[in-house]
Structures are given as C-alpha cells and as structure tokens.
Amino acid sequence: MNIPDNLKYTKDHEWVRVEGEFVFEGLTDYAQSQLADIVTFELKPVGSKFKKNDIFGSVEAVKAVVDLYMAVGGEIVEVNEKVMNTPEIVNSDPYGEGWIVKAKMDDADELNELLSPDDYKKLIEEQS
Amino acid sequence: MPKKTAIYDEHVKFGAKIVEFAGFLMPIQYKNGIFSEVKRVRETVGLFDVSHMGEVEIRGKDALEFINYITINDASKLEQFQVQYSAMCYEDGGIVDDLLVYKLPDKYILIVNASNTDKDFDWILKNKRGEVEINNISDTITQLAIQGPDAEKVVQKLTDVDLSVMEFYWATVTKVSAIDCILSRTGYTGEDGFEIYVKNESGRKLWNDILNAGGEFKIEPVGLGARDLLRLEMKYCLYGNDIDKLTTPLEAGLSWITKLDKENFIGKVALLKQKEEGIKRRLICFEMIEKGIPRHSYEIIKDGKNIGFVTSGNFSPSVNKFIGLGYVEKPFHKSGNEISIDIRGTQKKAVVVKPPFYKNASHK
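Heads up: the sequence lines are chains A and B, in that order. Take 52 as the starting number for the first sequence in the numbering used here and just add one per residue. Take 115 as the starting number for the second sequence in the numbering used here and just add one per residue.
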C-alpha cells in the first residue's frame, strides 16, 4: 500500500498536503482500494466553512458509500473539478490528480493532531 | 479456515484483491478495477474462477422423480445433456436456493450457490425419497466460466467439439485442452459463454491454457465484483440479495421456472395459493433519475409512504446509470412508475423499467 512520506493522514483514511496557509485533502490509496471503483462525489460548495472533523461531502463507490471529514478546520477554496467529472482518477492516482478539495486553514496548529505516515501505516495494518 | 480454490495462487500472481466469500478466499477484483473487467466481458471475453459454487450429484433409478419433487421447474423436460435453471423451495414457498440441473448420461448434477452448499445438501438429504444416491462433490471440482462475445472462439481453440452447433443451456462431456471435463454453454453475465467443470488437480492447467488461448482476444481474469455487476445488469437474481427464504419465485419474477401444473413438489401448495390469492409484491428493476447508489435494504418510497425495499443496486458501467432491484407492492411495480429511494436520509427519484438493464448482450 502506497503511503507517501511527505503527507499527513487521518483515521478516516484521508491525506493532507500542506502548501503555506492551504491544505489539499484526498483519499488514501488504502481507502480507494477498499471502496473499489469510485462512481461519484457529492461535495459542499466552495466558500463552505467547516470545523475539524465536520463532514464536507461523501463518496459513492462500488463497495460502499462513505462520508468525507475535514482534517483541519477551514474554508473550502477549491473543489477538484477533474475529480467531480472523472471520479475514477481517485482510484488511479489518489495522491496526485485525485486530490479532492483545497481549503484555507483556520489554525495550522491542528496539523499537529494528524497522523504521521508511520502512524497511518500502523493503523491500516491493525485494520486489515 | 477459509478454503482456497485450485486457482488461488494464480489470482495472487495476477494481483487480485482477495476477500472471504462463502467460506472461500476469492478474487473480488484484479488490478484494473471492476468496471474495466465488466467492459472486458461485454466487449471480448473474461475468465472467472467460480470454483466456490457447489455441485451435488444425484444418481439412481428414482433420480428424476426425486429431482422433480425437490425443484420447481420440470426436470422431466430435460433431454440428455440439457441444462435447466431451477430452484428449490420450502413448503411455504420461500426459496432454499436457485440452481442449475444438468442431465448427464449416468446422473444429474445440481449446481448450487456457494453460500448455500451445505444447507442445500442437508435439505436434499432430509427430503430424500426413492432409490437415489446423493453426493456432494463440491470440494473436488474446479469450475471456470469463460464469458463474452469471443468466448466461443477461445474455447474452440481448445476442444474438438463443434461449438457452432452447441445451443445455449446444453452441455457435453468432453476434453478441453486435453482435460476431461463437463462443458456447458451457460453463464451468469448475459453474454455468450461457457462453464467448464474439471477435477481440482487439472484446474490450474486449464486456467492457464484458457488465458493463453484467449490472448489474441485480450482475455483477462474477472473477479466476483464484476460478476455481481454483470448479473445485475441482466436482472439475474442473486440468492441472499434478491431471493431468499422470505421471498417466493412468483414474487421474484421466476414464474417461468415455476411449473405449478407439475404433479407434486415441495412448495407447490403454498405457491398455488399465493397465485390464486394474487401476488402482492414484485421484484422490479429501476433506474435512478437522481445520482446515488441504491443499496441492499434501502427503503423504496411512493408519495411519502414505504412501498418496499432495495435488494441489489450499483452503478452500471455498461448503461452508464445507477440501477437497482427491489420488491414493491403492487401496482407500483409497473414500468414507467416514478418512485423514490431513501439514500441515507435523502429521497432520490427513480423510475421502474423493464428488464434487462443492458440490452445488447451476446448470449444465444
């Protein structure tokens, strides 16, 4: 299972990439493989504001439907239109082209509460 | 401990994602994903390991009479080497299992669902009558399915049997790739195709020989995930989802295999009574008008009232729509009727349609 070193992770199998005051969020390789072929995303619109762990959308896939949770509090500033139009790219490239939303963080300190790659690796080993 | 089929190591080699299903470690999908596997079967040909399916042999002087007593279709109509889709019912008309009956020169074979093999075998033994010998040979048999418009060309490369004259739902005892087998023109995908039954020790060789023979047709291994979608696109029932002990064949749209004029069989009295009193609910096909996957046990709503429940649903890559099956009260089952599905608390519009969802399948 691919778990890049330069990202942070959540217990809900999402990854976070930090760029200045912004974060990109997506689903991990493990998540996409458990869901199987992804069919559609339903996301709250750009401009929506959330606290950490709020639901910002859901993903429908062949195996399951799951909610998506904000890894950190903030405002959604961009939704990946490519993912909305061709959700299968989350299966093929979960950490690259398959990012889901870009958000402006309220409090960068919340990043410290996220899982390191090693912690996330342990988590999925426990779960599988 | 879950069982492994004879093909297990090959699945792992092909990068399969393995899940436990009906007590077996089975490939749910391979590397390219479920939709890609569905497309392969619809466009050229795919190879399935379905060795988890159960096989029960019935021999003896009274075999036909016995099979006609425990199944709802009329096995007396079967000619030598013919195959029949049928089911077994309980006395109350609920379904024990759906199955295939093969009539071979020296015996009958019932092909049953993996998750029901033990239950079915117990049921068959419990209802045994007349001079019959019953054997559960499931653990000794590898079953492969070759499905798709190019299936005939692939199998023809490996056998002397003239497949161009072999009709759908007929079988033969022959050799494929020099391996003794039962070969039938059957399947669970809607496409033309074959199912081959061999002894476990020959399973792996047959698997690899078929993949080699199918190379020019881009044959690929196909997992259970795609198998479920392919059957759903055709409205083929899946036991445990669309049919079970609480549903009857008449409700499930299987009256075409329910021969109520047959002399005597288990469930006949209850099914006759249900027919006379009127069938109150029907298994329907529906397409979502609004996006969302209808999943097993979601509620079906009409004008704010619950009228039934979803039994199977998914996104169909072949028709590019969200589709589902479910039971609804009459008269809401009529095609064109607009209904709603409660998808996680939101009512999403759907419409009742005529089966099958996918209308361009190649089967003969």
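Because the hints were derived from the structure by calculation, they are not lab data. Yeah, the Cβ is synthetic: ideal placement off N, Cα and C, and Gly gets one too. Don't take every hint at face value.
Unchecked claim - With a cut-off of at most 30 Å between alpha-carbon atoms, the simulated BS3-like pairs for lysine-lysine come out as follows:
1. A:Lys133 to B:Lys131
2. B:Lys233 to B:Lys175
3. B:Lys191 to B:Lys117
4. B:Lys233 to A:Lys173
5. B:Lys463 to A:Lys114
Said to hold, decoys possible - Where chain A lies over chain B, by a calculated footprint (3+ residues, C-beta under 8 Å):
6. 140-150
7. 403-411
Consistency of the hints with the structure:
1. At roughly 27 Å between alpha-carbon atoms, Lys133 of chain A and Lys131 of chain B fall within 30 Å of each other, so this suggested pair holds.
2. For the proposed pair Lys233 of chain B and Lys175 of chain B, the alpha carbon gap of about 25 Å is at most 30 Å, so the pair holds.
3. A distance of roughly 36 Å separates the Cα atoms of Lys191 of chain B and Lys117 of chain B; the hinted pair therefore is violated under the 30 Å criterion.
4. Restraint check for Lys233 of chain B and Lys173 of chain A: not satisfied, since their Cα atoms lie roughly 40 Å apart, outside the 30 Å limit.
5. A hinted pair counts as satisfied when its Cα atoms are at most 30 Å apart, and Lys463 of chain B with Lys114 of chain A qualifies at roughly 22 Å.
6. Look at the region 140-150 of chain B against chain A: 5 of its residues bring a Cβ nearer than 8 Å to a Cβ of that chain, three or more, so the hint holds.
7. Coverage of the region 403-411 of chain B by chain A holds. Counting CB-CB distances below 8 Å, 4 residues qualify, and the rule asks for three or more.
Violation of the numbered hints given earlier is confined to hints 3, 4; the remaining hints are satisfied by the structure.
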